[in-house]
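Chemist: Numbering-wise, this note's numbering puts 205 at position 205 of the sequence shown, and it's gapless, one number per residue.
Since the hints were made in silico from the structure, they are not lab data. The C-beta atom is built at its ideal place from N, Cα and C for all residues, glycine as well. Just so you know, not all the hints are guaranteed correct.
Said to hold, decoys possible - Per label pair, the in silico range of CB-to-CB distance:
id, residue 1, residue 2, range
1, Thr43, Ala98, 19 to 27 Å
2, Pro21, Ser191, 18 to 26 Å
3, Ile3, Pro60, 34 to 42 Å
4, Gly100, Pro60, 26 to 34 Å
5, Gln135, Lys32, 50 to 58 Å
6, Glu112, Ile10, 16 to 24 Å
7, Gly34, Glu181, 52 to 60 Å
8, Leu190, Cys37, 32 to 40 Å
Said to hold, decoys possible - The calculated lysine to any residue pairs, modelled on SDA-like cross-linking and capped at a C-alpha distance of 25 Å, are:
id, residue 1, residue 2
9, Lys2, Ala134
10, Lys177, Asp94
11, Lys2, Thr81
12, Lys177, Glu112
13, Lys110, Glu181
14, Lys2, Ser186
15, Lys90, Pro69
16, Lys110, Asp13
17, Lys90, Arg22
18, Lys90, Thr43
19, Lys177, Gln85
20, Lys110, Thr43
21, Lys110, Glu176
22, Lys177, Val86
23, Lys2, Gln85
24, Lys32, Tyr17
25, Lys2, Pro76
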Amino acid sequence: MKIIDISQEIRSDMTVYPGDPRFHSQVSASFKQGDMCEVSELTIGSHCGTHVDAPLHMIPGGATIESMPLECFIGPCRVLTFAAQVITEKMLIDCQVAEGERILLRTDPKGEYRPRNGHFNPAVLSMRAAQYLAQQHVRLVGIDSPTVENMEICDGEIHRTLLGAGVAILEGLLLEKATGEHYFLSALPLSLTGENGAPCRAVLIEE
């Protein structure tokens, strides 16, 4: 069994989405202070690093992160590699995306836009592609970009199309090591009551 970590490291100097809270760790107890253990106080945004979006993120009154079905985040998945910054409906149709699948979109196979380099992967879903995935009733869509939206427009329509159809969104993945197509995905978000999203530790398992 081979495990591929597709998560970003959470660190104080990491690149975050413009305007989002930065990660901060402060020592609460430590051996150096004479305490019997190490404890930290963490400050972190709900969409920090590799994370899951809940419907509430973009839909007023939408479902919160702890209420989302765990089946969305664990199970067989497909990694689809596209040499394009805009993923179109035709690309997905050609891949024969089926109902109930978990689909991860690999658009940065060389890791040129790794968040730790301070760059943002510009790859996005087209609206027709998002509508197609929603119509196919896929369980989850993941992408190796900080958002499925066009960062220049960022009107939330792609999110609302997917989340409104019950499709979980997994963003901020690192997929350059996922050179195959079929894997077992585990990307369980933190169970944060009432929240609009949560970081997760996402891995692919290859038998």
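Chemist: For every hint, state whether the structure bears it out.
Modeler: Here is what the structure says about each hint:
1. Thr43 x Ala98: 19 to 27 Å: Violated: the Cβ-Cβ distance is about 41 Å, outside 19 to 27 Å.
2. Pro21 x Ser191: 18 to 26 Å: holds, 20 Å
3. Ile3 x Pro60: 34 to 42 Å: Holds, at about 38 Å.
4. Gly100 x Pro60: 26 to 34 Å: holds, 28 Å
5. Gln135 x Lys32: 50 to 58 Å: 57 Å Cβ-Cβ, so the 50 to 58 Å window holds.
6. Glu112 x Ile10: 16 to 24 Å: With Cβ atoms ~22 Å apart, the hint holds.
7. Gly34 x Glu181: 52 to 60 Å: At 53 Å between Cβs, range holds.
8. Leu190 x Cys37: 32 to 40 Å: Roughly 22 Å apart at Cβ, these two residues miss the hinted range, so it is violated.
9. Lys2 x Ala134: violated, 31 Å
10. Lys177 x Asp94: holds, 23 Å
11. Lys2 x Thr81: holds, 20 Å
12. Lys177 x Glu112: Holds. Lys177 to Glu112 sits at ~13 Å (cutoff 25 Å).
13. Lys110 x Glu181: holds, 16 Å
14. Lys2 x Ser186: Roughly 13 Å between the alpha carbons, so the hint for Lys2 and Ser186 holds.
15. Lys90 x Pro69: This hinted pair is violated, its Cα atoms lying about 29 Å apart.
16. Lys110 x Asp13: holds, 22 Å
17. Lys90 x Arg22: At roughly 37 Å apart (the allowed maximum being 25 Å), Arg22 and Lys90 break the hint.
18. Lys90 x Thr43: violated, 41 Å
19. Lys177 x Gln85: OK: Lys177 and Gln85 at ~19 Å, within 25 Å.
20. Lys110 x Thr43: Violated. Lys110 to Thr43 sits at ~31 Å, over the 25 Å cutoff.
21. Lys110 x Glu176: holds, 6 Å
22. Lys177 x Val86: The hint holds at about 21 Å.
23. Lys2 x Gln85: Roughly 29 Å separates the two Cα atoms, so the pair is violated.
24. Lys32 x Tyr17: violated, 34 Å
25. Lys2 x Pro76: Holds: Lys2 and Pro76 sit about 14 Å apart, inside 25 Å.
The structure is inconsistent with the numbered hints 1, 8, 9, 15, 17, 18, 20, 23, 24, although it conforms to all the rest.
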